[in-house]
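Undergrad: With chain C fixed as given, assemble chain W onto it according to the hints.
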Amino acid sequence: MNDRLKLRPVTNESGIEIQPRYGAMDVEASGGFGFIGEPGEYPFVRGIHPQMYRQRPYTMRQYTGFGNPADTNQRFKYLIANGQTGLNVAFDLPTQCGLDSDDPLAHGEVGRVGMAVDTLRDFEIAFDGIDLDKITVSLTVNGAAPQLIAMYLAMAEKRGYDVAKLRGTAQNDILKEFIGRGTWIYPVEPSVRLVGDTIEYCARHAPKYSPVSVCGYHIRESGANPVQEMAYAFCIARAYADDALARGLDIDAFAGRLSFNFNVFGSIFEQVCKFRAARGLWAKIVKEQYGAKQPESGWLRMIAGGGGGGLTFEQPEVNIVRGAYYALIAALGGAQTMALCCFDEAYTIPTEYAQRISLRTMQLLIEEMGLADTVDPLGGSWFVETLTNQMRQKMEETMAEVDAQGGIVKLVAEGAIQAKVSAQAYRMQRAIESGEFRKVGVNCYRNEQADDLEVQMHPYKEEDTRRQIASLEGARGARDVRRVGEALAKVRGAAEGGANVMPAVVEAVKAYATVGEITQQLAGVYGRYREPVRF
Amino acid sequence: MNRPIKVVVAKPGLDGHDQGAKVVARALMDAGMEVIYTGLRQTPEAVARIAQDEDADVIALSSMAGSHVPFCEKLKPLLEQAGLSDKLWVIGGNLPKQDHARLKELGFRGVFPSSSRLDDIVNFVKANVA
Chain C
1 MNDRLKLRPV TNESGIEIQP RYGAMDVEAS GGFGFIGEPG EYPFVRGIHP QMYRQRPYTM
61 RQYTGFGNPA DTNQRFKYLI ANGQTGLNVA FDLPTQCGLD SDDPLAHGEV GRVGMAVDTL
121 RDFEIAFDGI DLDKITVSLT VNGAAPQLIA MYLAMAEKRG YDVAKLRGTA QNDILKEFIG
181 RGTWIYPVEP SVRLVGDTIE YCARHAPKYS PVSVCGYHIR ESGANPVQEM AYAFCIARAY
241 ADDALARGLD IDAFAGRLSF NFNVFGSIFE QVCKFRAARG LWAKIVKEQY GAKQPESGWL
301 RMIAGGGGGG LTFEQPEVNI VRGAYYALIA ALGGAQTMAL CCFDEAYTIP TEYAQRISLR
361 TMQLLIEEMG LADTVDPLGG SWFVETLTNQ MRQKMEETMA EVDAQGGIVK LVAEGAIQAK
421 VSAQAYRMQR AIESGEFRKV GVNCYRNEQA DDLEVQMHPY KEEDTRRQIA SLEGARGARD
481 VRRVGEALAK VRGAAEGGAN VMPAVVEAVK AYATVGEITQ QLAGVYGRYR EPVRF
Chain W
1 MNRPIKVVVA KPGLDGHDQG AKVVARALMD AGMEVIYTGL RQTPEAVARI AQDEDADVIA
61 LSSMAGSHVP FCEKLKPLLE QAGLSDKLWV IGGNLPKQDH ARLKELGFRG VFPSSSRLDD
121 IVNFVKANVA
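One line per chain: the protein sequences are C and W, in this order.
Residue 245 in the working numbering sits at position 245 of the first sequence, with consecutive numbering throughout.
Residue 87 in the working numbering sits at position 87 of the second sequence, with consecutive numbering throughout.
Bear in mind the hints are in silico, worked out from the structure with no lab data behind them.
What you are looking at is a predicted structure, and each value in this text was computed from that prediction instead of being measured.
For every residue, glycine included, the Cβ atom is placed at its ideal position computed from N, Cα and C.
So these bits of chain C aren't anywhere near chain W, every CB distance computed over 10 Å: (1) Arg75; (2) Thr85; (3) Ala203; (4) Glu352; (5) Arg360; (6) Arg479; (7) Pro503.
Part of the chain W face toward chain C, derived, beta carbon under 10 Å: (8) His17; (9) Ala25; (10) Ser67; (11) Pro96.
35 Å max Cα-Cα, derived DSBU-like pairs, lysine-lysine: (12) Lys461(C) / Lys76(W); (13) Lys208(C) / Lys490(C); (14) Lys439(C) / Lys104(W); (15) Lys439(C) / Lys97(W); (16) Lys134(C) / Lys284(C); (17) Lys126(W) / Lys439(C); (18) Lys420(C) / Lys6(W); (19) Lys74(W) / Lys461(C); (20) Lys126(W) / Lys420(C); (21) Lys97(W) / Lys77(C); (22) Lys97(W) / Lys420(C); (23) Lys158(C) / Lys490(C); (24) Lys461(C) / Lys104(W); (25) Lys410(C) / Lys6(W); (26) Lys461(C) / Lys97(W); (27) Lys439(C) / Lys6(W); (28) Lys410(C) / Lys284(C).
So here's chain C without its partners, still in its complex pose:
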């Protein structure tokens, strides 16, 4: 038999050759079963908890927010009424870039891709009537994270919650914003220091709060392959950890509150092995490089989902099926939290209807498909264990390359990572257009009759901008001007003196200082980022 020669060669996106079949010998050749362990035990390849979803299914946390805080509050309540178990808040671009709604640069963008926030008042409205002990909230904000974390803590405290026990997450991963997503404000180094400020502040005052969710997700969307997604994210996580350690914090005082955000589109097995490999690698880094003593310091707690880069504009209804496979990947991969991009997201921010389909998709894996019954059901497969070992080795190689080139902060500041992933995105786009990389509905099985589903667009209302600006003016008019001025001066003073700015930012938001006013104080000291354009 010489039939192997006739088989088409298969190489996964991470550059690993996939064999037509695997056996015990392949696992041995890739490093064996030695680095797997039991669920809930180091190195946590099989999951960070011994019982995983049997004890508690993944949290379902669709990314939501638009218009005014009152509109978003209604959508939050709709999702919670439909069985959603966490919130993941989308902010509009002015908020994310540290601008007030009446800033000339905010023209046309207020409330468009997320909820507009100017002052603490907006947080009070957005979370009104939501039990923050039962529903944990994730804030998708990076450049303006200090202000919004401060607002969340201040809002919760005002409602009587004990901040020392409050759970929640902020995305607050600025290094990946320079690679993809783009909501940076200040230059790279002070931006990293601000992340350190939030880690230090939370470790001391809100120890259950996760101040950072390190994102491979957007690096992958920008063109990285699955191995690079994890390797760059871990390099970034180490940069934040190094900053926190340099402040005298103990690794065990904050590492357990670092969380992660990863993507899910691509081959099911490559993705699942990516998560298994990454769990082992992160545990190893935290234990061996940082000397953590608490096992939970090395837990790779993650939201996995989204998958936007895999969804297509063509035949949008087929994205519902893709979303179901992406949810399966996240569940087989052992994610703590899941969110799915909706089928209409190549067109619009999701409608209520599309959000509900995504939510039902995640629910049916738990209720009908048995995904919450057994831990790491793919563990022990010769193929899966081989690929897990191979993916981990590739991630380690990629991290070593970054270190050899001077580290992630330097490479991001120079634009080198950006240039690398964007070159890959270009090659991938060419491969899709040539048909070499198959996408159903795009380069094969196209609908030649124009009978694609007509996607209903999320409406954008100009009057929302006027309402938001009126509300901002109302909040500005009602505050103690002297207290605001003093609080803002303290923010500036802390930044100038190289102190942690968070205590002053918390005081400023409590005085109803705006997102934009606080940004101006910080930018007055740090300056503003200038993007290196490199091809």
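TA: Only chain W this time, still in chain C's reference frame:
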């Protein structure tokens, strides 16, 4: 024409999704054009100024976050004042069908929504630069 076609690729407004803009910029460069990529967060004033300073043949915007119509409404008079009315204006990105007529009316002769092919963009630019 005895010099390569010169294209300013700009990211308007606050939208940070630059993967598409960079991919299109590379496709234009591969086709022999000279590309000036502005980076993110460009105001209408900055786009008009860069296009004028660079003596661009083509002004290409990439917008993914929905504010393309208000942005282009501000940009159009600025490009006209800068004497760039005879240049080729194109826009790509997440551009809902119902906005295409408005964008064309504003002077954007090439409108390339998500799913457009790189070769179609390149060929359109080549065919439409005077």
